[in-house]
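In order, the protein sequence lines correspond to chains A and B.
Note that my numbering has the first sequence beginning at 2, numbered continuously upward.
Note that my numbering has the second sequence beginning at 32, numbered continuously upward.
Since the hints were derived computationally from the structure, they do not count as laboratory data.
Each residue gets a CB set at the ideal place from its N, CA and C atoms; glycine is no exception.
Possibly wrong hints are sitting among the right ones.
Chain A stretches covered by chain B per the calculated footprint, using a threshold of three residues with CB under 8 angstroms from any CB of chain B [stated by the list, open to error]: (1) 84–92; (2) 119–127; (3) 213–227; (4) 258–264; (5) 270–279.
In silico contact screen, one side only, chain B against chain A (beta carbon under 7 angstroms); selected entries [as the list claims (entries may be wrong)]: (6) S279; (7) Q281; (8) K477; (9) P481.
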Amino acid sequence: MWAFVARRFLLAVPTLLGASVIVFAMVHLAPGDPIAAVMPADASRAEIEAVKRAYGFDAPLPVQYVRWLGRVAQGDLGRSIATRRPVIDDVRDALENSLVLAVASSVLSFGLGFALGLVAAFRQGKAVDKLASAIAIVGVSVPHYWAGIILIIVFSVQLNWLPAMGAAIDGGVVDYLRHMALPTVALALIPLGVITRVVRSAALDILAQDFVLALRAKGLVSRTVFAHVVKNAAPQILTVVGLQFGFQLGGSVLVEAVFSWPGTGYLLNLAIFQRDIPVLQGVILVLATFFVLLNLAVDVVQSVVDPRIVRH
Amino acid sequence: MRRFPTVIAIFLSLMVVAGSASAQGTLRIGMTASDVPYTGGQTDNGFEGFRFVGYQVYEPLIAWDLTRGDRLPPLVPGLAESWAVSKDQPTKWVFKLRRDVKFHDGSPFNADAVVFSFESIKKKDAPHFDAYGSGQVSFRLASLKAIRKIDDYTVEFETDKPTSFVPYQVVYMVVVSPTQWQKFKDWRKFAEQPSGTGPFKVTRLVPRERLELEANKSYWDPKRRPKVDKLTLFPMPELTTRLAALRSGQVDWIEVPPPDAIPQLKAAGFQIALNSYPHNWTHTLRLDKEPWNNKLVRKAANYAIDRVGICKNLLNDTCIPSTGIAYKGHPWFGDPKETYTYDPAKAKALLKQAGFGDGKHPAKAAHLISTSGSGQMLPLAMNELIQKNLRDVGLDVDLQPVEWNTLLTRWRAGFKTPDNEGLNAWNISWNFLEPWSGFGRFFHSKSVVPVAVNTMPYINPEADKLIEEAERTFDLKKQDAVLAKLHEIIVDDAPWIFVAHDLNPRALSPKVKGFVQPQSWFVDLTSVSVTR
Numbered sequence: 002m003w004a005f006v007a008r009r010f011l012l013a014v015p016t017l018l019g020a021s022v023i024v025f026a027m028v029h030l031a032p033g034d035p036i037a038a039v040m041p042a043d044a045s046r047a048e049i050e051a052v053k054r055a056y057g058f059d060a061p062l063p064v065q066y067v068r069w070l071g072r073v074a075q076g077d078l079g080r081s082i083a084t085r086r087p088v089i090d091d092v093r094d095a096l097e098n099s100l101v102l103a104v105a106s107s108v109l110s111f112g113l114g115f116a117l118g119l120v121a122a123f124r125q126g127k128a129v130d131k132l133a134s135a136i137a138i139v140g141v142s143v144p145h146y147w148a149g150i151i152l153i154i155v156f157s158v159q160l161n162w163l164p165a166m167g168a169a170i171d172g173g174v175v176d177y178l179r180h181m182a183l184p185t186v187a188l189a190l191i192p193l194g195v196i197t198r199v200v201r202s203a204a205l206d207i208l209a210q211d212f213v214l215a216l217r218a219k220g221l222v223s224r225t226v227f228a229h230v231v232k233n234a235a236p237q238i239l240t241v242v243g244l245q246f247g248f249q250l251g252g253s254v255l256v257e258a259v260f261s262w263p264g265t266g267y268l269l270n271l272a273i274f275q276r277d278i279p280v281l282q283g284v285i286l287v288l289a290t291f292f293v294l295l296n297l298a299v300d301v302v303q304s305v306v307d308p309r310i311v312r313h
Numbered sequence: 032m033r034r035f036p037t038v039i040a041i042f043l044s045l046m047v048v049a050g051s052a053s054a055q056g057t058l059r060i061g062m063t064a065s066d067v068p069y070t071g072g073q074t075d076n077g078f079e080g081f082r083f084v085g086y087q088v089y090e091p092l093i094a095w096d097l098t099r100g101d102r103l104p105p106l107v108p109g110l111a112e113s114w115a116v117s118k119d120q121p122t123k124w125v126f127k128l129r130r131d132v133k134f135h136d137g138s139p140f141n142a143d144a145v146v147f148s149f150e151s152i153k154k155k156d157a158p159h160f161d162a163y164g165s166g167q168v169s170f171r172l173a174s175l176k177a178i179r180k181i182d183d184y185t186v187e188f189e190t191d192k193p194t195s196f197v198p199y200q201v202v203y204m205v206v207v208s209p210t211q212w213q214k215f216k217d218w219r220k221f222a223e224q225p226s227g228t229g230p231f232k233v234t235r236l237v238p239r240e241r242l243e244l245e246a247n248k249s250y251w252d253p254k255r256r257p258k259v260d261k262l263t264l265f266p267m268p269e270l271t272t273r274l275a276a277l278r279s280g281q282v283d284w285i286e287v288p289p290p291d292a293i294p295q296l297k298a299a300g301f302q303i304a305l306n307s308y309p310h311n312w313t314h315t316l317r318l319d320k321e322p323w324n325n326k327l328v329r330k331a332a333n334y335a336i337d338r339v340g341i342c343k344n345l346l347n348d349t350c351i352p353s354t355g356i357a358y359k360g361h362p363w364f365g366d367p368k369e370t371y372t373y374d375p376a377k378a379k380a381l382l383k384q385a386g387f388g389d390g391k392h393p394a395k396a397a398h399l400i401s402t403s404g405s406g407q408m409l410p411l412a413m414n415e416l417i418q419k420n421l422r423d424v425g426l427d428v429d430l431q432p433v434e435w436n437t438l439l440t441r442w443r444a445g446f447k448t449p450d451n452e453g454l455n456a457w458n459i460s461w462n463f464l465e466p467w468s469g470f471g472r473f474f475h476s477k478s479v480v481p482v483a484v485n486t487m488p489y490i491n492p493e494a495d496k497l498i499e500e501a502e503r504t505f506d507l508k509k510q511d512a513v514l515a516k517l518h519e520i521i522v523d524d525a526p527w528i529f530v531a532h533d534l535n536p537r538a539l540s541p542k543v544k545g546f547v548q549p550q551s552w553f554v555d556l557t558s559v560s561v562t563r
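Same shape as in the complex, but just chain A (with noise of 0.2 angstroms):
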């Protein structure tokens, strides 16, 4: 177990490499330049100029390449163009309130999803099945930009019940928790969709297996076999569970610039449009490192549920 917790680990490092190649490619490659951007439209070209020598932006890409490398294995993720604050602040911060935000839609929607899920498959064909399916439908096809649209027309504009953009940053716990509201229901809807269709379908193949009826055969009570389902379904589950919550964190730029919810997804769309370079690198190298440590702990937690499975 732990030799393959080790060896997972050591694999992570070149996953890391091969995705800083990536993004640091895909960054530098995109049309328009770090330092034009947050110049005013009729600076001249010399004074650009200037500027990106100032920042090391006029070296050859390899070398900035290497350079960068060298200062983020020594924790040192720049600075940001455009604040001119560390990186590893701003990365820092914005995960926080990711990480709020992640974690209340995940609890909302994986229980809702959880339940749904499961009180579809125990009841499969009636009526309450159905409405789970077209819950399930609904929350994987409605795009959650859009109902964030919805949500700020009806709760914000309408009612005026909520706010309608930002974090509360000082107005204490109630203050924070309304602001936090809407974008966590927003973002809670496509998870909430993908985990009841995929617990309703493990369910029911579960359901339909012979040891099921032996069990009910044993004369079991209906809640007993219920725990042995629920047992037997969880490694598939957590696989999807594990998955959907790494969305959660990095997948809801959308719903963060919505909501302008300061977090990572808010500063990956900031950061695109202003070229914020080191900003952009530093995001995606935090996330895709969340990614990495999150799909371990997934394939943990599935030997420790299921011992069946074997890690080597």
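Fit chain B to the supplied structure of chain A, relying on the hints for placement.
Frame of chain A; chain B shown alone:
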């Protein structure tokens, strides 16, 4: 499970009851910038940065008088009480500084502070040189070469040549507190706790999220002490976010509401502020290549555009038609021979006279446009209409949309790069706040890329002469007359397709009182109050 909606409803209503209180006398503004403009003095984010940060936290020696909406803002004494060019040496300008002005940190404003601020922009080897801030503003102070302290309250600027444009350059240089900088010896840290002399002081900077300011109660001009206690600025690049924030009461003021939403906002009691100001939205044409190398074709294009339709139907009256660099009533407008109305028949005739049309010699062009961008208004919709207008008279224009920063980068490089070789024009909006921005950078033969941004290139000895004459004319009335003459020539040459002048729309909550929309890119926030 069925109880879930009820749970949510209870949760939501609890939060509603508990929250919703905002401080009294706070003005909250949603900006279009994607970030809080740089607070370290020489700000970024273009003129929006000057509008909300540069000119609120700091002050220049010469300022714009933004208190009235019925005239172009004149230049008035700011931190300098008076200034004059030396009679026998017209490259030397002496500024008498205001006494008894203090920075937000309590240190006194004096000649040392002016010298320090100038050096942070121009003296590359100074320890307090601010590479980033300098890049933002240095080119706007192009003629200023050196500064000399004469005494504690007198400084002298030296220019590279005699030029009457000096006040128009000094207006962009704000003065920062050297005492505060000495505490950190680092511009980034200074930007987090900045110190100027302006009517508002920064209390808190949350990068990418907000800038909190409070009224400077001891501001030197009692008439301009802010009426509000606090000012909070939010960067909100998304149009819909700004609109939702205003409508839900999270902000009291937004920049550039979507034109579509204006009738709705008015019906809901919001105020829409509009005024003409030196902005124009144009297609800058390439003059060394067919079809725009022919003046008749350029005039044809200008007669083909339905400007009234664009401003009225597409933009809900948030712009006025443009028939030149400046608009009618502006001191530089003059009396041009041509007034470009919507006249497709005349456009067709001009095109025919130029030898185009009849299928044998079609007029084709490729124009680079942006999908969005500061000052670009609604580029896609407007350009589609323009494309149709031009096609109707026989001008076939291929629109090539790119992202705003890409357009700027390509434009700066000029038409003669491999990327841009196939292009015939670009669609970018401009300011014409002062003679250099309005004319010098575009229409002087010495401003050809890469020196400045005469990309067309427009080469006209007569225009060169008039630009130089304006620069040598120190009497502003006479200078205006010279520029009006230049404007007449340019309108007749039609090196651009003139389309629209934006009216700088902003939407204000009914609670906001006392705001005067000046004919400017900048605003005076000191007269504004917010009722509860």
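Hints, verified against the model:
1. Proximity of the stretch 84–92 of chain A to chain B, defined as three or more residues with a beta carbon under 8 angstroms from a beta carbon of that chain, is established by the 4 residues found.
2. For the stretch 119–127 of chain A, the stated coverage by chain B is not satisfied: 1 residues place a CB nearer than 8 angstroms to a CB of that chain, which falls below the threshold of 3.
3. With a cut-off of 8 angstroms between beta carbons, the stretch 213–227 of chain A has 0 residues touching chain B; three or more are needed, and the interface restraint is violated.
4. Only residues whose C-beta sits within less than 8 angstroms of a C-beta in chain B count toward coverage, and the stretch 258–264 of chain A has 5 of them, enough to reach three; the restraint holds.
5. Here's how the stretch 270–279 of chain A fares: 4 of its residues keep a CB closer than 8 angstroms to some CB of chain B, so the rule of at least three is met and the hint holds.
6. A least Cβ separation of about 4 angstroms between S279/B and chain A falls short of the 7 angstroms threshold, and the interface hint therefore holds.
7. With 7 angstroms as the threshold, the beta carbon of Q281/B comes within range of chain A, its nearest partner Cβ sitting at about 5 angstroms, so the hint holds.
8. Taking 7 angstroms as the C-beta cut-off, the interface hint given for K477/B is violated, the closest approach to chain A being about 13 angstroms.
9. Here the hint on P481/B is kept, as its CB sits about 5 angstroms from the closest CB of chain A, short of 7 angstroms.
Violated hints, listed in ascending order, are 2, 3 and 8; each of the other numbered hints is respected by the structure.
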